[in-house]
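S.K.: Sequence:
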Amino acid sequence: VQLQASGGGLVQAGGSLRLSCVVSGNIFRTLSMNWYRQNLGKERELVGSITRYGDTNYADSVRGRFTISRDNAKNTVYLQMNSLKQEDTAVYYCHTYSGFKTYWGQGTLVTVSS
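To convert, note that position 90 of the sequence shown is 90 in the numbering used here; the numbers rise steadily by one, no gaps.
FYI, nobody ran anything at the bench for these hints, they're computed from the structure.
Fair warning: this is a prediction, and the values are worked out from it, not measured in the lab.
Do not take every clue at face value.
[Stated by the list, open to error] Pairwise CB distance ranges (calculated):
1) Gln86 - Ile27: 34 to 44 Å
2) Ser114 - Gln80: 14 to 24 Å
3) Gln86 - Asn26: 31 to 41 Å
4) Ser114 - Asn26: 39 to 49 Å
5) Arg65 - Gln106: 19 to 29 Å
6) Gln4 - Thr111: 15 to 25 Å
7) Trp104 - Leu40: 10 to 20 Å
[Said to hold, decoys possible] As a list, the in silico DSSO-like pairs of lysine-lysine whose alpha-carbon atoms are at most 30 Å apart:
8) Lys74 - Lys101
9) Lys101 - Lys42
10) Lys42 - Lys85
Built from N, CA and C at the ideal position, the CB exists for glycine as well.
Model the full structure from these sequences, guided by the hints.
M.R.: And the structure:
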């Protein structure tokens, strides 16, 4: 299983971005998917998750602004980020696990300017 994240960039506060994470292989529909983020000097934190059934949950800091969705036909999970704030600046990682193995994407940088 390989994860390829994309969609990061520079955006002004209040703007929007959509991140994508494509998962290789043929087990995507069985996987729960997570988005994490890490800013310089801080620990990696869980942004939100989506189960194989499409149920989602979010960190308090992003609930109501961020939305996670998935397209099983495209082996892709998305993170729609609206009303971005400077504190959302971070490297965003997609993540999953299968059995005892965990898998991380390479990270995509989101920078929110004032």
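S.K.: Does the hinted range 10 to 20 Å hold for Trp104 and Leu40 at CB?
M.R.: Given about 18 Å between the Cβ atoms, the range holds.
S.K.: Lys74 and Lys101: Cα distance at most 30 Å?
M.R.: holds (22 Å)
S.K.: Given a hinted range of 34 to 44 Å, is it respected by the beta-carbon distance of Gln86 and Ile27?
M.R.: holds (37 Å)
S.K.: For a C-alpha distance cap of 30 Å, please report whether Lys42 and Lys85 respect it.
M.R.: holds (17 Å)
S.K.: Taking the CB of Ser114 and the CB of Gln80, does the distance hold inside 14 to 24 Å?
M.R.: Cβ of Ser114 to Cβ of Gln80: about 22 Å, so the range 14 to 24 Å holds.
S.K.: Could you grab the alpha-carbon distance between Lys101 and Lys42 and see if it respects the 30 Å cut-off?
M.R.: Answer holds: Lys101 to Lys42 is near 24 Å, not above 30 Å.
S.K.: Just to be sure I understand the hint, the distance between the Cβ atoms of Arg65 and Gln106 should be within 19 to 29 Å; is that true here?
M.R.: The hinted range 19 to 29 Å holds for Arg65 and Gln106, with Cβ atoms some 24 Å apart.
S.K.: Given a hint of 15 to 25 Å, does the C-beta separation of Gln4 and Thr111 actually sit inside it?
M.R.: holds (20 Å)
S.K.: Take the C-beta atom of Gln86 and the C-beta atom of Asn26, compute their distance, and say whether it sits inside 31 to 41 Å.
M.R.: holds (40 Å)
S.K.: Per the hint of 39 to 49 Å, is the separation of the Cβ atoms of Ser114 and Asn26 within bounds?
M.R.: holds (44 Å)
In this structure, every one of the numbered hints holds.
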